[in-house]
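Protein chains in written order, with my numbering: chain A, 3 to 198; chain B, 3 to 198; chain C, 3 to 198; chain D, 3 to 198.
It should be emphasised that the hints constitute simulated quantities derived from the structure, not laboratory data. Just so you know, not all the hints are guaranteed correct.
Where chains are identical, the list cannot tell them apart; a pair therefore holds if satisfied intra-copy or between any two copies.
[What the hints assert, rightly or not] In silico SDA-like pairs for lysine to any residue, Cα to Cα no more than 25 Å straight-line:
{"id": "1", "residue 1": "LYS15", "residue 2": "GLU101"}
{"id": "2", "residue 1": "LYS15", "residue 2": "LEU45"}
{"id": "3", "residue 1": "LYS15", "residue 2": "ALA57"}
{"id": "4", "residue 1": "LYS15", "residue 2": "LYS149"}
{"id": "5", "residue 1": "LYS149", "residue 2": "ARG29"}
Number of protein chains: 4
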Amino acid sequence: MASVLVLSGSPSKVSRTAALADFIVRRLVADGLAARHVALRTLPPADLVAAHAGAPGIAEVVAELAAADGLVIVTPTYKAAYSGLTKIFLDLLPQSALEDKAVLPIATGGSLAHVLALDYSFRAVLHSMRARHVVQSHFVPDSCFLKTDGGYEPDETALGPLFYAAFDEFRRSVHAHEHFRSVDFVRSLVPSATKV
Amino acid sequence: MASVLVLSGSPSKVSRTAALADFIVRRLVADGLAARHVALRTLPPADLVAAHAGAPGIAEVVAELAAADGLVIVTPTYKAAYSGLTKIFLDLLPQSALEDKAVLPIATGGSLAHVLALDYSFRAVLHSMRARHVVQSHFVPDSCFLKTDGGYEPDETALGPLFYAAFDEFRRSVHAHEHFRSVDFVRSLVPSATKV
Amino acid sequence: MASVLVLSGSPSKVSRTAALADFIVRRLVADGLAARHVALRTLPPADLVAAHAGAPGIAEVVAELAAADGLVIVTPTYKAAYSGLTKIFLDLLPQSALEDKAVLPIATGGSLAHVLALDYSFRAVLHSMRARHVVQSHFVPDSCFLKTDGGYEPDETALGPLFYAAFDEFRRSVHAHEHFRSVDFVRSLVPSATKV
Amino acid sequence: MASVLVLSGSPSKVSRTAALADFIVRRLVADGLAARHVALRTLPPADLVAAHAGAPGIAEVVAELAAADGLVIVTPTYKAAYSGLTKIFLDLLPQSALEDKAVLPIATGGSLAHVLALDYSFRAVLHSMRARHVVQSHFVPDSCFLKTDGGYEPDETALGPLFYAAFDEFRRSVHAHEHFRSVDFVRSLVPSATKV
Chain A
3 MASVLVLSGS PSKVSRTAAL ADFIVRRLVA DGLAARHVAL RTLPPADLVA
53 AHAGAPGIAE VVAELAAADG LVIVTPTYKA AYSGLTKIFL DLLPQSALED
103 KAVLPIATGG SLAHVLALDY SFRAVLHSMR ARHVVQSHFV PDSCFLKTDG
153 GYEPDETALG PLFYAAFDEF RRSVHAHEHF RSVDFVRSLV PSATKV
Chain B
3 MASVLVLSGS PSKVSRTAAL ADFIVRRLVA DGLAARHVAL RTLPPADLVA
53 AHAGAPGIAE VVAELAAADG LVIVTPTYKA AYSGLTKIFL DLLPQSALED
103 KAVLPIATGG SLAHVLALDY SFRAVLHSMR ARHVVQSHFV PDSCFLKTDG
153 GYEPDETALG PLFYAAFDEF RRSVHAHEHF RSVDFVRSLV PSATKV
Chain C
3 MASVLVLSGS PSKVSRTAAL ADFIVRRLVA DGLAARHVAL RTLPPADLVA
53 AHAGAPGIAE VVAELAAADG LVIVTPTYKA AYSGLTKIFL DLLPQSALED
103 KAVLPIATGG SLAHVLALDY SFRAVLHSMR ARHVVQSHFV PDSCFLKTDG
153 GYEPDETALG PLFYAAFDEF RRSVHAHEHF RSVDFVRSLV PSATKV
Chain D
3 MASVLVLSGS PSKVSRTAAL ADFIVRRLVA DGLAARHVAL RTLPPADLVA
53 AHAGAPGIAE VVAELAAADG LVIVTPTYKA AYSGLTKIFL DLLPQSALED
103 KAVLPIATGG SLAHVLALDY SFRAVLHSMR ARHVVQSHFV PDSCFLKTDG
153 GYEPDETALG PLFYAAFDEF RRSVHAHEHF RSVDFVRSLV PSATKV
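Isolated chain A (complex conformation) (with noise of 0.2 Å):
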């Protein structure tokens, strides 16, 4: 079973990037895979702030990233760019961290201004990591959420085609690497292939 791992970056106890993460996870279960949402905020402070990516709590979130195929990141948009909190967990990571997966960069802000924040700031951050896919980005606006009586809900309806666009793709793409793996497809597809 393809497995993804969901990372939220708000500092916020109640918020609506987390609140989306959750969202997220529970589609990607809903359709067949094993998903896990961890919130960056509730991982050991001291250690974060000292990249000790060895840290109980840590830890295991690096394994669990490791053995992914496939990472959604939802981070706020904060000083037009990636929360900071959602670099300094990148940050502690090997470089070739992302060797091989998916990604599928979500931001949640304000403004629409911020729409492009993420394709110029984060998508070189995710490439220098080893990316395999980086599907298309998408920027989800605080009109997207409904109020709830502990926090915030996206609105279904309100996230809006693009959006599921960007799911869909992501998810083909996870598919597309568990097939990889299990049964050497490329080498069915590309019979010529070019000996490197």
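Model the placement of chains B, C and D on the given structure of chain A, informed by the hints.
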């Protein structure tokens, strides 16, 4: 048969950039794909500058791209980014011209200091055009070229394993796309696919 | 008298971008500066595409920029970045063409989603050309223009305080540069300046 | 007396980044400015991760920045960008925390391939915080550091003329700001300044 358009964006008559594009076409053809190199400097300049997508000499390339499964763009690195000639052609295309396509971005340049230019400047552009999969970009320094009588030739061994890895991932993605189109591959892999 | 070159990078004959460049020239002249607008689309296209910096019609603009204290670049936002026409002109300049100059980058565009395009795509380019001071960039949406008989006119009040703040900072920086050149202003302010 | 805050963003106890920050403080003080180095790794980690700008140990630094004329940020290059620790501090500041300030961004790193990381990733962040003048950034490779007993020391001659040019431009901009504040310098230079 899957088809690939290869564009080169150097303004120079004799250029490493164009030589690399020719080399890539030869490799793609040897692997059984249809591939053609269009040097953007040979398109009618007045129509390029005026963004006349329908002008003779330009309309054919636009149509060829629309029909292709994949796009390779080889650009020199000028002023810490892709060349203006490369961008002037992208500008006259429809906004979603890269939808469903695999894209391999390659930069040539004199200095290792330019390695990140493409990832930071180009990915957001390509994804704004709805590219399905922009694979790992690759930077090819001047030292990877041999001087020949008429100009330059890439040194196949100097290109290194990361170049061929990017190339292979691109070819795999082009084939996957062709496969998706022909047998509704996705549906068979993802039986419980969410209806959106 | 301090002098400023104003470049516009739209390929269209009738454009908001060019209208804004004209407006900026009028304001700079009213403030006592020498200023001229060059629409890049009027330069000889074959020489632009071939990067002939010495060609008639181009060499004069290159020389004018070399002599200027400041540069304003007004570009449309195409494919999430500056226009190819804008970049094709920058590409034919010397690498340090902006040394000691103040630069005001301005983008026009239809959607607020493009606000960050200029800051992310353009600043690295301008700084690679050794610009001394790239002031706050500004994004001017279509809604800030009035339709006129012949084309467009910026709506002075709709431009808003941030536009004028960017404009004022640019003018201040241009004057500071002129001042630095004439009275060795730095030395007088920093008596203990480190000798390097 | 003009004042400058120097922040370093390495998580390591012994770091080239912090050594460079110390060196910059010594130079600024020798030039007659007030300057202090704050290593972000020494701030309370739980409050950093939770973005508590008012927490003891953090509030003092926030206030010091608010009162400063200039800011130097020295960050290691991780995953093709500034460090997460650097960004986590910027995230807890007000959106316009850099208004009217001069900023000197400096990156340390192992490979020349990282030279452009700062210009592409960091400038948009700093300008979103309304920085008045972000001077030429500078990349300091590992080869510019000497090993000492306790750790590292920058090699003053290896830093090279571009480092000192960036440093001088920053100092000039800090002094200009102080000057602007004290004698309404602008008005005297620009008698016909447009009223906005």
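Here's how the hints hold up against the structure:
no.	hint	verdict
1	LYS15 x GLU101	neither (31 Å within a copy, 29 Å between copies)
2	LYS15 x LEU45	both (13 Å within a copy, 21 Å between copies)
3	LYS15 x ALA57	both (23 Å within a copy, 17 Å between copies)
4	LYS15 x LYS149	within (15 Å within a copy, 43 Å between copies)
5	LYS149 x ARG29	within (20 Å within a copy, 48 Å between copies)
Hint check: a violation occurs at hint 1 only; the rest are consistent with the structure.
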